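K.L.:
With chain A's structure known, arrange chain B on it following the hints.
Protein chains: 2
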Amino acid sequence: MSTAPAAPTAPIALPPLANDRFLRACLRLPTDATPVWLMRQAGRYLPEYRATRDVAGSFMGLATNPELACEVTMQPLRRYDLDAAILFSDILTVPDAMGLGLSFAAGEGPKFAKVVRDEAAVAALAVPDMDKLRYVFDAVRTIRRELSDANGVGKVPLIGFSGSPWTLACYMVEGGGSDDYRLVKTLMYQRPDLMHRILAVNADAVALYLNTQIEAGAQAAMIFDSWGGVLADGAFQQFSLAYTKRVLSQLKREHDGHRIPHIVFTKGGGLWLDEIADSGCDVVGLDWTMNLCRARQITGDRVALQGNLDPNVLFAQPEQVREQVIQTLDSFGRHTPGCGHIFNLGHGISQFTPPESVSVLVDTVHEHSRTLR
Amino acid sequence: MSTAPAAPTAPIALPPLANDRFLRACLRLPTDATPVWLMRQAGRYLPEYRATRDVAGSFMGLATNPELACEVTMQPLRRYDLDAAILFSDILTVPDAMGLGLSFAAGEGPKFAKVVRDEAAVAALAVPDMDKLRYVFDAVRTIRRELSDANGVGKVPLIGFSGSPWTLACYMVEGGGSDDYRLVKTLMYQRPDLMHRILAVNADAVALYLNTQIEAGAQAAMIFDSWGGVLADGAFQQFSLAYTKRVLSQLKREHDGHRIPHIVFTKGGGLWLDEIADSGCDVVGLDWTMNLCRARQITGDRVALQGNLDPNVLFAQPEQVREQVIQTLDSFGRHTPGCGHIFNLGHGISQFTPPESVSVLVDTVHEHSRTLR
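Those protein sequence lines, which keep their order, are chains A and B. Quick note on our numbering: the first sequence kicks off at 1 and runs consecutively. Quick note on our numbering: the second sequence kicks off at 374 and runs consecutively.
Calculated from the structure, these hints are not laboratory results. The structure presented is a predicted model; accordingly, all values stated were derived computationally and were not measured. Note that CB positions come from ideal geometry on N, CA and C, so glycine has one too. Among the hints, a few may not be true.
[Unchecked claim] Here are the simulated BS3-like cross-link-like pairs (lysine-lysine), alpha carbons at most 30 Å apart as the crow flies:
1. B:Lys640 to A:Lys111
2. A:Lys132 to A:Lys252
3. B:Lys484 to B:Lys505
4. A:Lys267 to B:Lys640
5. A:Lys111 to A:Lys132
6. A:Lys111 to A:Lys245
7. A:Lys111 to B:Lys484
8. A:Lys132 to A:Lys267
9. A:Lys132 to A:Lys114
10. A:Lys245 to B:Lys484
11. B:Lys618 to A:Lys267
12. B:Lys505 to A:Lys267
[Said to hold, decoys possible] Distance ranges between label pairs, derived from CB positions:
13. B:Ser732 to A:Pro337: 53 to 63 Å
14. B:Ser476 to A:Ala105: 22 to 32 Å
15. A:Asp179 to B:Pro403: 16 to 26 Å
16. B:Pro403 to A:Gly177: 39 to 49 Å
17. A:Asp193 to B:Cys666: 43 to 53 Å
18. A:Gly109 to B:Pro420: 28 to 38 Å
19. A:Gly177 to B:Cys666: 42 to 52 Å
Chain A on its own, in the form it takes in the complex:
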């Protein structure tokens, strides 16, 4: 724990944007209202998303088509007053580019055709040729164009992202989702040497991938450590956080003279918040189990915080959604110089969410957060 650092004094160059609240909050600069975006905001809860996915034929068909990926990225921005766009893609594109063959069966999670479970499969891993991920960078460029007005001023910033080295490794070893992480943890406990080698390759691949997204136009970079929270204390630091740091240490902090904030989100990582805040990132994403007031005490405002409403709140009535959003904003508390809060859910939005709930959420964030300044 540390005391609150002073607000940044050196001028931070931000890109030309009609709405730069998100970037300002990431960098702990004052904002008129709390910015908000939602993990998986371009997703199945929107009928227009489902229609576009049907045109594409499959999730990967959609993700690999830059025009359609741009279309679904823009859809939530047309409906809601969101403060950031996030690239439509998947956290697992990097291992797909490594040749593992990513697919999504209807109604199921991701699956890899090839798995990485033995010495030979580990030895064969390498940082993939970024040309295999060109569809991602093309999507980034297309979205940035779409977000820009005639003078090159963006509507809102665009966030690029990847899965964390550990989260990628979970899927690469398990071959898909898991409820006990038995295979990946067996490899980790039995052959830590092999696990470290997978994670080192993943970290370097993720760093190159995010840097190439930044060069293509991503204005912030987020690392999703979706499965960091399944690790034991000790193992988390060694097998997840150490490699997230390895990514962060290689990431561009500036591009075209503009600061690129780095966000780390570890689902279930609340117990390690202090250590995550020391990873070198600008923003720590939190799930709904963490109290934001306490998170702010722990981090002493040395990072901005992103989160953390339970996505299931969106199944309640509008007045109840409003109340819960206000409670989350209030738990962060009054804004003081050098603090930063980006409102988000604590996990991706559910496909069953009523789209009207998102309007209530977004409008309440903007409206109520003005009273906390």
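P.N.:
Using the frame of chain A, we list chain B on its own:
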């Protein structure tokens, strides 16, 4: 956080046992070595368990047959030098007795034939007649007889248990396992009045159930809040912990003149450890995400701690299992007056565990923990 309380000074009456390490550790009395038992120690990883279950025909067939339930309870004690027996049963027997119809399809989790999702279903809930759970109390009596020598001295104590009010509610509303808890959380956020009514009935039912287990011979009572950790901060306190406390406040602390320790285990509850330690329980169970040294600092030894090895460690080689067990014991640290540690896994043992790994675990706990006194 609080400073370490003094060791209990008033004499605490313990039942006659050949091995009372477990009860002593629960009550923070000195022990010669750290006691150990494993959640789900009577389970599918043991070939003799699978043989007995085949005789019973099904999981519920096994759980409802006191002789066979006793047999599987005793099986791990024959193989390993465990310091406690735990009743073979399920956390969901109470809602089954409420008439919801519990079953386990082969290879799947629990399922309820009836679900509780509307006003009428909630209104119909009531504390069940304990006669419907007689098979459990008969099993407790049978096991206690089996554990006793000719002089009525038990080999090790017997732990009774139940799911927590919130965890029962999750299954009662969802009808089975869930990966997003959407239905139960929708009810909770939309109709908190109905959720409170379910939880109140569950709490009173669980308290009566555990007290009847204690009267039948259970020498410690454990509440499994397996799904407390899926709740948002704030909701956890209101919908899980408040009702765990309602159970605890009604539980017998003595039976036949002997102290009955109460254990609360909240999977994923590390962030709320300080509050759980104030619930009135004697022991807090921890999953593997919590560092035991830190847990001890947070609780100031005002409760005993139980845990917390990742069950996946048991898939490693014997020398690696040994190392990880030693690391866990060392993270708890040196034993000082008034502290208590019961070694356990951070969750139930996996059905795929090699039985030999459990021998290494148990023997290492006893051997290494002597050096920490």
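K.L.:
Each hint needs a verdict: does it hold in this structure or not?
P.N.:
Right, here's what the structure says about each hint:
no., hint, in the structure
1, B:Lys640 to A:Lys111, "holds (28 Å)"
2, A:Lys132 to A:Lys252, "holds (21 Å)"
3, B:Lys484 to B:Lys505, "holds (19 Å)"
4, A:Lys267 to B:Lys640, "holds (15 Å)"
5, A:Lys111 to A:Lys132, "holds (19 Å)"
6, A:Lys111 to A:Lys245, "holds (27 Å)"
7, A:Lys111 to B:Lys484, "holds (27 Å)"
8, A:Lys132 to A:Lys267, "holds (29 Å)"
9, A:Lys132 to A:Lys114, "holds (17 Å)"
10, A:Lys245 to B:Lys484, "violated (43 Å)"
11, B:Lys618 to A:Lys267, "holds (28 Å)"
12, B:Lys505 to A:Lys267, "violated (41 Å)"
13, B:Ser732 to A:Pro337: 53 to 63 Å, "holds (59 Å)"
14, B:Ser476 to A:Ala105: 22 to 32 Å, "holds (28 Å)"
15, A:Asp179 to B:Pro403: 16 to 26 Å, "violated (40 Å)"
16, B:Pro403 to A:Gly177: 39 to 49 Å, "holds (46 Å)"
17, A:Asp193 to B:Cys666: 43 to 53 Å, "violated (27 Å)"
18, A:Gly109 to B:Pro420: 28 to 38 Å, "holds (33 Å)"
19, A:Gly177 to B:Cys666: 42 to 52 Å, "violated (33 Å)"
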